[in-house]
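Undergrad: Fit chain to chain and form the complex, with the hints in mind.
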Amino acid sequence: MSESKNIPQRMVNQAVVSVSDSSLDRKSDDVLITLFQSGEEEAFRYLVERYNQRVRNLIYSIFNESSVVDDIAQEVFIRVYEALPRFRFESSFYTWLYRITVNKSRDELRKKRARKFYSLHAMLDASNAELQSKIRIVPEDGWAKELVNKGLQQLPERFRVPIILKDIEGLSYEEMAEIMQCEVGTVKSRLSRARGMMRKILAPLLEAQ
Amino acid sequence: MKSISTRELRKTLSLYLDDALDKEAKARFEEYLAANPEIARELESWKKQQQVLRSKQGIEPNEWFWQKLSTRLEQQQNKPETVFPFSRKYVPLAASLTVVLAAFVGVLLIQQRPLLTKYLSEKKEQVQQLYQGNILQGKLLPLFTNLNKDQVLQFALFGTLPLDVQAKTELRVDESKENGTRIEFAKNEEQRRPPVTVEQFCKEISATPAQHKSVDSILTSARDKIQESVFLGENKSLAVHADLAKFNRTMMSRIAASLELPQQKKFQRFLAMSRSPYTFVIAPAPAVRVPMPGPRIPRPSGMEQFVVITPDSCTIAHVRIDLQQIQRNAALTAEEARSMDERTHALIREFAAHANAQKRMNSSLSIFSGSDYYSIKVESNVLEPTPDATPFEVIARAPRAVQFQYELHQMPDIQKFFNQDSQPPDHFMQNTPPSGVWRKSAAHGRVIDLDSVVNAPRDRNPRPQMDQGKKKYNNPFEL
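Taken in sequence, the protein lines are chains A and B.
Here the numbering used here is used: the first residue of the first sequence is 1, the next is one more, and so on.
Here the numbering used here is used: the first residue of the second sequence is 1, the next is one more, and so on.
The shape of chain B in the complex, shown without the other chains (with noise of 0.2 Å):
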């Protein structure tokens, strides 16, 4: 055997220390062990060590071994599994893929940093909005606690509320899918508008006695509603309820329902003759799809949604209203209740001049002025959803349809046909509904075709049950 390396003399020493080499190597080694002693001796060493290593002495028994052993399996198997809904050995996957998925995230919420932006300060300013409870701090007054079933009629048919007698001056509101919510503080305009009372209203449509009875409960309860939507602040403030804007089409919509098919037609009559802005169509209202709320603030229970106006700012905000607490308030301050007309005027008029300082705290409120009126737009989609469950489709009248200040004043010609046909025509006052085709005079170029407006809606349908019993939210306008 010729001579080798050490690595090669230590592995084939290893392997004949093992027998484990075949027997032509072996008998190679031991020719090369006989020609080199100091090899020879080298093997007696390894197998000396390997004795010693085979004498090692082990550890002493342990004669508790088993009975410790069988206390930590009662243990591990009372422990809960584990937190992982996997095997521990996938636990470095799980955690690389965790990492993967937290840096994807991070880019990805990098490159949307100016939308992530914007999300964050909208909710912060709707966060800001819902605790902002200094807005209306003191006492709160309902404004309209006095109102009489009259008034109340007149709300639903033209969706005003008087609010100071001797100013003449009302509110109105308005809510439609296209024009969002208005609000407007307003002179009023009877001389187009003529008050309406319920007498002549049932005696106008031939309300049965059973019929005036319903209307005058829906009035008795819409009255109490609208009690609870409007508020004057200690601090010269002033809350309108989001929902107030829509409850006069759903009054309309339920004075409808509870009337017989030849009423519900002399009433669409009636609304024509009167020049409400509002018609209904006699059939099934369309089934209400509530939006989805979409990436909203739930509302706390007990809040609700109000337009908020102080003389330095118009926001939307959630508020918190303890009704009894305001009745009791209101019972104790009669002096100031007695003094509330001219107190809101005055406010009105104060929130008209400093409107262009006003701070808009929704990028989706719009405010108009003018030296008698004081009007806000919101955008349709900054309100709450709130399912409007109506019997009927009440639907704007047009072109007379146009019913607010700011309007009429943005567009003149309209104003201008108002001013020159401020008296109802003499059927109307002489409780004779108009037959055929109403037209107006050629000298203004317009012809308004009523019967297109009035009987457009055919009423094939059978008039809908109301169904009373079925109270989905508790919404102070829902009758």
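Chain A with its partners taken away, still in its complex shape (with noise of 0.2 Å):
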């Protein structure tokens, strides 16, 4: 972390050098939050580029809505504009894109559940949706897929997103613990009792392989 806090300096100094480069997108996410600070806002898309398919996937990881991914990535990337220019490189900036994308989401989420709550329409639709996924002929390369999904989508929101970062995204119990913003221990705590749950949902096709 001390060293992260000497590196804008130094990231100046070389984005200076390397302004008229073209090549920027093989530069790192540091040199290119170091131009977009110092007003190259071009950067901007090669950050955008290089991480929002990742965005996008934690999203779907979440959601298992395509619908409403680009929707929610865009809202992160339109924060994490905002924010960058006050970004001071105290974590990575994907550990601190990764954080934005978790809070969106779960506001997305909480946002979703009143509006079930409220929403009459909301309840029968998704009453519909429930029945349909129960009749739906689903190939049979399809079945595990689609059981890990609607896995993950039975797993409470603070089960949901650590397995979703370890598992699937394969981050460390310390980046995992700066996205959501909680204890290393905690952290294994929930991703151990997220394993347990997911290993009930998953156990058809995990004692069929």
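The following label-pair restraints were derived from C-beta to C-beta distances:
{"hint": "1", "chain 1": "B", "residue 1": "LEU116", "chain 2": "A", "residue 2": "ARG99", "range": "47 to 53 Å"}
{"hint": "2", "chain 1": "B", "residue 1": "GLU74", "chain 2": "A", "residue 2": "SER92", "range": "26 to 32 Å"}
{"hint": "3", "chain 1": "A", "residue 1": "SER92", "chain 2": "B", "residue 2": "ALA102", "range": "44 to 50 Å"}
{"hint": "4", "chain 1": "A", "residue 1": "SER92", "chain 2": "B", "residue 2": "VAL100", "range": "37 to 43 Å"}
{"hint": "5", "chain 1": "B", "residue 1": "THR71", "chain 2": "A", "residue 2": "SER172", "range": "33 to 39 Å"}
{"hint": "6", "chain 1": "A", "residue 1": "ARG106", "chain 2": "B", "residue 2": "PRO61", "range": "23 to 29 Å"}
Just so you know, the hints here were simulated from the structure itself, not pulled from any lab data.
Heads up, the beta-carbon is just placed ideally off N, CA and C, and yes, glycines get one too.
TA: Encoded structure:
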């Protein structure tokens, strides 16, 4: 962390040297951020193109609804665009980006719950969706994928996020703690519980293999 | 490794899977796995689960993501600033503070309810008065259309205007901070205040031709203003402009300002001899500080404040009067104008007869009436303050300043005093100013030192120049 605090000035110098270089996509996150902070707005595009798929995947894992992914991802990057001038390199960019994504997703989940609670139409839609999912004919090879996605959706949000971050995104406990804004011990505890819950959901799949 | 709880086992399995156990713990757990094949199988399931999750397919890439995002960013930048002057994250805090503030104001309002109720009641009354267009319904006729300059001068000196020559009635006005505004309709008192003419006045003060001309000019201008100040309504109503009560003093001050110092002194002496209730101070008037209007309803343009009297009520109201229309009406109803004196006299008698039953729409209005007078007193804080930009301060002369009939009725000694001393002193009639001290006969027990009144204000200061150019207010009483 202390090393990353020393990055900016070094990166500024590097950025100044390389601002004329058109191959921005090869620059590190820190260089791109420094360039952006010094007025090179084009650098933001490279950050978006570098991370948008990871952000979209994370959102997709959390929601399992492709229709909401792009909207939320755009909201996330708009937030990043607004806050990036104040980014102080105290954490890695992608950890920071993931934290924004998780927070935004949490907000959306809350709103979604509220909408479901207050909207009769949403309740009817949900029951229809549930019914449709039961009678839908799933191809043999898609069965495992469907089960995994549905299994994740059955987990409460506070258990869903750690298992996604660890087993799908492959982050470390420390990174997860930073993203989830909690202690590493809490991360370990939640993750073990989430895995246990998932184990029960995926039992048919795991036992068949 | 001894047996462990399910929770502990789950946590250890999870840590083992992530290779997060230290060497010692790892070795102990591996021993445990060897001894418990079902737990080893469970570990295998967890590993499979992890593989399944890692192999989970993500969403299809969106090639247009950046284009869509950049469009939204542009829209975002073109959007107007947020309605809140602070960051969105402070909105809940601001909302909480607003609720607390609203609760505080609510409690305060409940505590101050009586005051608030009174305030709202007064405001309501004011608003009602403001739009009381029906008080002065029908045609309006200016009451004083044919005043001559002598009568205007009488008004300046005594605050009186003739109403009905036959009935010998007059309108008297006065305004002071102490006594408020007073308007009285009563018998005239020529026996104690002989009529004064402009010629006589100018002769008394030894006015130069230029000064005579100035006085004439002031009186002419004042005559027009007086004409716009008292109206007789077709529906038996009478409206007197609130500022009329101070206009006589303004006139006196302006006349004094048009004179040189010797004439000013003679003017003072003349006021004393003619038993004017006023005199003026030969010194620049103190700077007038108009009080702040306070929580009053702002007067709409064109509205003037009048004291409006009907047989049933008496109120202070804002009235919009179209003078041009009134003058046309007056021209059309010449016959009505001829009988106006009688009508006015009859109306005032009716006011006096119904004085006790008259509804006072303002608590600060007092009505006094008798067989030969009808008088209204308005508290000084009710009427809208207007700047009294007079060059010289005009003050009341005590004790002879008692000029209102109702005051005389309340003070029989003074009435007696005036009745017994009804004739002016000879030297006044002979145009010779009194010298030294003029004393009332000792039989009445009163000694009036005229010098103390007439010569009290010494003229050490030069006469201030009249600032004719500055006309700050569109007040009909401003010269």
